[in-house]
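Undergrad: Residue numbers (our numbering), protein chains in the order written: chain A, 1 to 211; chain B, 1 to 211.
By construction, these hints were calculated from the structure, which means they are not laboratory data. Careful: at least some of the hints might be erroneous.
If several chains are the same, the list does not tell them apart, and a pair holds so long as it fits within one copy or across any two.
Stated by the list, open to error - Each computed DMTMM-like pair below joins lysine to aspartate or glutamate, with the alpha-carbon atoms no more than 25 Å apart:
hint : residue 1 : residue 2
1    : K115      : D189
2    : K53       : E187
3    : K208      : E60
4    : K141      : D56
5    : K115      : E130
6    : K208      : D177
7    : K53       : D133
8    : K208      : E190
9    : K173      : D15
10   : K141      : E16
11   : K141      : D15
12   : K183      : E11
13   : K208      : E187
14   : K6        : E58
15   : K6        : E80
16   : K53       : D189
17   : K173      : E80
These numbers were taken from a predicted model, which means no experiment stands behind them.
2 protein chains.
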Amino acid sequence: MTSMIKQSSIEGFLDELASRSPTPGGGSAAAMMGAIGAALLSMVCNLTIGKAKYRDVEEELSVVLGRTEQLRTQLTEMIEEDVESFGAVMRAYAMPRQTPEQSVLRSQAIQNALKAATQVPLRCCRVCREIIDLSAVVAQKGNSQVVSDAGVAVLVAHAALRSGALNVMINIKAMTDRPFVAKQLTELDELLSQASVATEACYQSVRKSIS
Amino acid sequence: MTSMIKQSSIEGFLDELASRSPTPGGGSAAAMMGAIGAALLSMVCNLTIGKAKYRDVEEELSVVLGRTEQLRTQLTEMIEEDVESFGAVMRAYAMPRQTPEQSVLRSQAIQNALKAATQVPLRCCRVCREIIDLSAVVAQKGNSQVVSDAGVAVLVAHAALRSGALNVMINIKAMTDRPFVAKQLTELDELLSQASVATEACYQSVRKSIS
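Taking the hints into account, I'd like the entire structure generated from these sequences.
TA: Structural data, given as structure tokens:
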């Protein structure tokens, strides 16, 4: 895929995702999912701010909107960054290993590329964890006519967080720096542990308010 | 948004999603999420078929690939169809109601538009339920190097199913045809009831195989 995935069409992106090229793959998909969640929260904020009925929450939701738009920008960039970091891993694996010196250099390059490649999905996980919490605020205080959109946001952000986690796990599998791996797994566990409970609470509150 | 959302850029789609225009909204987002899931399953099939190691499952995964590509096409169309059906609801609400006759016509038009508008997210739910089951096949039999992508597929398909359900629920809220509403809710319950268990089973099997 050429550079600047964010400028490719929806149809083109899906075609590339489905193709036999390994990128864009699940890491880019997770970033796109997170960006969809952030965008939906922004929409609910935009459909709340300026309405007389919601004057009391206008200031709070303006701050939330500023944040969801920042997170959306970050996630949109990660669609591309995941492709780039995977490319670096592939290039490291393709390095020559005909001499012992080459083998050492190649192994070091692979380890460095894998470390860098875990950073994109881990950042995706952190950002999506924040989107889950923001979804609860938006679902509770935003325009009730579009509360289902806050529900969609929390569901897709949670799926993106768990998807990012799968991508961190598959990258650290071949890593030899055990303390680094342990640190990543500890952070992942923390991000995942309360996310399910927070997501279900928000989803059920949205279901209740629309039924 | 102009017609043919699938031809708009990723960035443009996210901007429209985030804007104060209510469409595209959660219904289109759910369809896009489902399309991402179908595309990822297609990718895993494409990276399995033709490889000597996976010759035994080649025929089965070719059939799966044919189906995931059909479902991807359907879901990509639903991104647009959801916007159109919401527009029809809005046009019905905007009809004049200055005379009793006008009021009756308007009410009938609203009810018809709402019925039609529940059909898109309900079809999205049905298709995503099927993607969840196909994810389990692909995760078990597809190329193990990209098994995490089957995991992302099942997570996003499940989020899309539950998101579609929220959109059905918000549409039927204002509907007066109670037998129709009951029928929709029964089908939704059936689609949702076993989806969580199937999704968790697939996700845990993917986690196990990459850790």
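Undergrad: Hint by hint, say whether it matches the structure.
TA: Outcome of the hint check:
1. K115 - D189: So K115 and D189 pass the 25 Å test inside one copy only (18 Å; across, 43 Å).
2. K53 - E187: neither (41 Å within a copy, 36 Å between copies)
3. K208 - E60: Within one copy only: 23 Å inside a chain, 42 Å across chains, cut-off 25 Å.
4. K141 - D56: within (9 Å within a copy, 54 Å between copies)
5. K115 - E130: within (23 Å within a copy, 36 Å between copies)
6. K208 - D177: between (47 Å within a copy, 21 Å between copies)
7. K53 - D133: Within. Shortest intra-copy distance 24 Å satisfies the 25 Å Cα cut-off; inter-copy 44 Å does not.
8. K208 - E190: The answer is between: 19 Å across copies meets 25 Å, while 28 Å in one copy does not.
9. K173 - D15: neither (28 Å within a copy, 36 Å between copies)
10. K141 - E16: Result: close only across copies, 22 Å inter versus 38 Å intra.
11. K141 - D15: between (38 Å within a copy, 22 Å between copies)
12. K183 - E11: neither (38 Å within a copy, 34 Å between copies)
13. K208 - E187: between (33 Å within a copy, 19 Å between copies)
14. K6 - E58: Neither way: K6 and E58 sit 31 Å apart in one copy and 33 Å across, limit 25 Å.
15. K6 - E80: both (8 Å within a copy, 19 Å between copies)
16. K53 - D189: neither (40 Å within a copy, 34 Å between copies)
17. K173 - E80: The answer is within: 23 Å in one copy meets 25 Å, while 40 Å across copies does not.
Taken one by one, the earlier hints fail for this structure at numbers 2, 9, 12, 14 and 16, listed in ascending order.
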